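Peer 1: Letter by letter, the chains look like this.
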Amino acid sequence: MLNMIPAAITLLADQTESKLSLFPKSASTFSSDSDWIFHFITIVALIFFIAIVIALFGFALKYKKAKGQQAESQTDHNTTIELVWSIGPSFLLIVMFYFGAQGFLNHRTIPEGAYDLGVDAYKWGWGINYGKFVIHPELHVVAGEPTKLTMTSKDVIHSLYIPAFRVKKDIVPGRFNYMWFKATEPSEKIATDEELEQLAAKDAETNASWDYDARQFTPDGYSFYDLYCAEYCGTNHSQMQTVVVVHETREDLEAWIKKYSSRPSTESPASYGEKLYQRRGCKSCHSIDGTKLVGPSWKDLAGKSRPLASGESVTADENYLRESILNPKAKIAAGFQPVMPSYKGQLTDDDIYSLIEYIKSLGEAGASGGETTAAEGEGQPAEAAAE
Amino acid sequence: MSVGSVPAGYEVKDPGYPTPEENYLTNSRGLLTWVFTLDHKRIGVMYLVGVSLAFLIAGLLALGIRLHLFAPDGWLFNNEFFKWLAPDKAPNDIYNQVFTLHGAIMVFLFIIPSIPAALGNFLVPVMLGAKDVAFPRLNLSSFFLWVAGAVFFVMALLASGLDTGWTFYTPYSTTTDTSVILATSGAFILGFSSIFTGLNFIVTINTMRPPGMTWFRMPLFLWATYSTSIIQVLATPVLGITLLLLIAERTMHIGIFDPEYNGDPVTYQHFFWFYSHPAVYIMILPAFGVISELISVHSHKRIFGYRFIAYSSIAIALLGFLVWGHHMFTAGMGSMTTIIFSALTFTVSVPSAIKVFNWLATMYKGAITMTTPMCYAIAFIFLFTIGGLTGLHLGTLATDMHLHDTYFVVAHFHYVMVGGTLVAFLGAVFHWWPKMFGRMYNELGGQISAVIVFLGFNLTFLPQFVLGSRGMPRRYATYDPEFAGLHAMSTWGALLLGIGLLVALVVLLVSLVKGKKAPANPWGAATLEWACTSPPPFYNFERPPVVGDPYEFGDIQWDAASERYVKIEPKRETVPSEKPAESPAHAGE
Amino acid sequence: MATTDAGHSATADHSADSHGHDHDHPSYLAHHFDTPEQQFDSGKLGMWIFLVTEVLFFSGMFCAYAIYRSWRPDVFEGCSQFLNTKLGAINTGVLLFSSFTMAWAVRASQLEQHKKTAALIASTLCCAMIFLGVKAIEYSHKWTMGLLPAGLFTYDPSNPHPVGGPNYLAYICAPFAVATVGIFIWLVVSFLRGAKFQFECAKPILVVFLCFFVGVGLGTILESGGSESHGTEHAAHVEGGEHDSHAEGEHAGEGEHAAESHEQEAATEETAEAAPTEAIAGLVAPGTMVSSDNELDVIKRLAADTTNTGLQGELAARQAQNDMANGAITYHVYDDVSATVAAAEENVMRKSRAGVFFSIYYCMTGVHAIHILAGIGVLIWLLVRALRQDFNKNYFGPVDYVGLYWHLVDLIWIYLFPLMYLIR
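Residue numbers (the working numbering), protein chains in the order written: chain A, -18 to 368; chain B, 4 to 592; chain C, 3 to 426.
Be careful, since some hints might not be right.
[What the hints assert, rightly or not] To give an idea of the chain C side of the interface with chain B (calculated C-beta under 8 Å), a few residues:
#, residue
1, 34
2, 54
3, 69
[Claimed, not checked] Here are the computed lysine-lysine pairs in the DSS-like style, where the Cα-Cα straight-line distance is at most 30 Å:
#, chain 1, residue 1, chain 2, residue 2
4, B, 368, A, 46
5, A, 48, B, 570
6, A, 170, A, 135
7, B, 570, A, 46
8, A, 43, B, 368
9, B, 86, A, 45
FYI, nobody ran anything at the bench for these hints, they're computed from the structure.
Note that the structure is predicted; figures quoted are calculated from it, not measured.
Every residue gets a Cβ at the ideal spot worked out from N, C-alpha and C, and that includes glycine.
The following block holds chain A by itself, in its conformation from the complex:
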């Protein structure tokens, strides 16, 4: 532990001036409201606090007496002064309450014609639905334009929290919860396309996923704001994070959406399938290296015979894979729970095709890898199915 002291001190010393502030960057119309009220309350509280502390330590020093001395006064009450200090501060409370409630109503009053996005929260990740089958873990919005999020959860309670926007809302399964905000500060494009390509190539080599914290920009090169899950939701609650990118214009945003809307004609289905695997939340339940997660691993899945929970077994052909994506509860792989949500209506035919191609490519890799992996595959029944 001792070797951490220098690290801690460096980190403290490293705080630049902007980092010393109480808040993350203010990036939405709510931020300035919220911060203003926060500062107001803080100042009022500080005034009271300082007065109380002066009195507390002042009295403790001034009236400190040796054992056995009598107090100077034995006044037992003074109704006037007690009423003053009971009622007086209440006026300040009313002010705080009023501005707080006003700010809150702004949060609740969703403006007409706000840009509508869907949010799916699941253990442990986010899917932002941009319509037209584009679902992506990053939240992309337009600056200066109100954005409305319609949020659902597939499993337990989550809470969408964007500190820079000062907004938070629980996402309760079985309900639709809404949130809106108007971002004010657009993200900057800080990495060039060439750099991005190099980094992507590097990641592909090491099989690493994009490290937002270390790089501080998205795979598209934008700076971003953090988005957290704020309601405890289990093992990887603290990793249930994504980023918010604010585009300057609607055109920018739409261009970005287009980029992800379908497979570019130049790309092979399998490699696009891998992207979907990363992007659409498959990877939080299905491994590609044979590890058993919530769902069966995709390694060595395609074409193999898989035992089902019902006792039958089925060959994991294209039809089976397709059914498992669209109607996961139809055939449950042995050893797994029927917890996968249906992706019906969320993936285009081409998407499903790409995913299946990707799964097949994993099987081929495993097959060429040798017999050892095949044996592993047998030891881990399941796969495929449902999940």
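Following the hints, complete the assembly by docking chains B and C onto the known chain A.
Peer 2: Chains B and C alone, transformed into the frame defined by chain A:
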């Protein structure tokens, strides 16, 4: 007049009782006489030992949390040792279980029974001038229920842990594979322990007051205990049924809370916080009572605004039932409901503020002796003020949208629960220790512990306010690197706080062996518990106590010759030596 | 057994601690009390506070009832017809009578009429046992039909009385039968050994336990000729919305339960008329967010014709959309947007709908039954003490406190009965 002698024209009124040969600790021997005792004092001492053990366990878990958060990717539970200890659990899982058990044990096994059950059991009858609580057997059974609840928690810990957070929110708690049923059964049983304690105190205070003990002659600690008991009796049954339904939900899927079966998780939150918010006041109100006693006694000055403090306790108890919704501002309640809950939340802050001002006014022009309990009392006012004022940020809706479920909340309630209740509990233990065990502790050691606890506490939790306002969500096992500096600072503070608590423990334990014998009234206090010997005899009072004003310090004088406080009275033949009892009323009042 | 403690911990420890005190400290007065009045007042206040906690304990479930009823009134309406009003009414009467005998017992104990006190306490106990016996019939019948809490719900409208399941009634009766036999043996043994007091105690307790079987018998008679069979068909029709097959259903019902009275015919007629609309309302989000959307209303009306399968799906989808727009609870609509007629049929009588009603029903009546059981335990203790002639005009607290408790248990049933059985 000279210090330490009886002034001219006065005489020592009450030379003190002769020390009886036996006291409650020695009048019968053997473990079984403790286990089956009906004596409220012994039950109080057993509670004290029990809650201290619970605190020790939960405190170690807290250190585990802080040490894990030393580094952004987690530190402690990434250690090889934990891989060996729990091979099938990820570090995140261990962290989640540790913070859950820290919270659950602290809340259900330590804070709720700490002052009311441990100190309350010892003090309520003595302060009141009664021989015992109204239902001694019920009292013993609540202690054993506490033990049973604790056993359930230990079983949960040993079975497969608990990772739901102490709030057991559905649907997470109905789907996780940890031992939720064991833990909720434990909490259910502890709830009944708490109900029976509260019921006992209400009846005791209502019917067991001796002649002369009117409502407004009761020490403020009794007022606080009374308010607390009201909350315990009214709120805890709702927790009981909520946990019962949760258990049924988990076993039979009754579909009341679980959306999978068409239930509604937000209903669970309403049910849960209907108990658990008043429970916050179960935790803090007794601390208010303790501090009122401590400030007044160690300032040797009448408490300022007795009635305001007494009424504000009751006000907090009642208002506390109307504000549970402020735990759910972001859960998606109706706008109007949310705003009303916010307004009600602000009203609770008023009676809390009244108390702080009254304590300051009590110190004003007092004769303050900086004893260990007084040091803790001053620390309490400082810390509780911060805790209370930061509550304003959270009660204000617009800022709560940002701060809810962040470290700001964590810091806020630790300032209230630890900086408030724990510090008051320590102050109370130091204050009544001579009465409970008849030994004086090392004063300097006690003061050092108070200073270390104060500094360590602030170092731990002040940075967390900043973490929260910068957007660090709570219950995170790992975090973004930009928060690392403040987290490290907080961890160092936690270690310091741990050292302070250890010092306090050592000082108290050493006193049992090496401490001087305590006089009946070591602080010069006027409440009844100081009128019996230290430690008290089995029936508390050898003779029926004379009930006087609990805050009249004018007739208490330090006698340097015998090194103790004595009660004096003017030398006049005509005045009767005892005040006539004010009213014989007791039962049913 | 918390109840006993709350009421009597202070008053009951008269034997141990009272020695060594002055003469005017009677044996029934605990050492830490000054006067019998103080002791009585303390006990009574304690008991009242305990009753407050009991009320609050139940209030949680009453709240749940109110919330879910307001969300899904039709589910509650449909499902409450599965409850047998006759059995409920009998139980209400039995409990009311037991409250009367209890109150009388308190008076008798004050007047030091020891025999009468014991007899009245015994009759209170008999009533409690009859209540449980009838309850056993109600529960076992529903369990056989699969009318269980949401997670275990297996009721199938097309096969309401499956055969070959476990005999739940036997399971419930077994512990009581064992206890009865045990008490009988105790009675014989104490008689043979000449233990007079024990014999005196065993006699009434045996009668009390036999009363459980009286309750079971009473329940069986009422249940077989009762209205529940009708209720079953009735509800099945409402839920299924298949008014065409109404006649068939009735035949099936007749096959099983011979007597269908004239009134019931009339009632079923009514049901048949009401069925289509109710069934459709129950289609997607029963009763909750009734939409003001005109288009939706039109489709609803068209879809009232159950042969119009295409529209059913359309309606489900629209209603789902509408609910989403309102931000209402959606009952996992994404799982069943593919609503078909088949889906619609099983809609209300499906785990997550009807199950919630039965969850609340079992929670409330179950917790109430546990309180009855606790009351039986305390009353038996009281019976023994009454036979021992412990009570006198200065010391009748325990009878009084248990009486208070018993009245509360009775009172809760008085609320449960209309809420569960009657309000339709």
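Peer 1: Of the hints stated earlier, which fail here?
Peer 2: Hint check: 6 and 9 fail, others pass.
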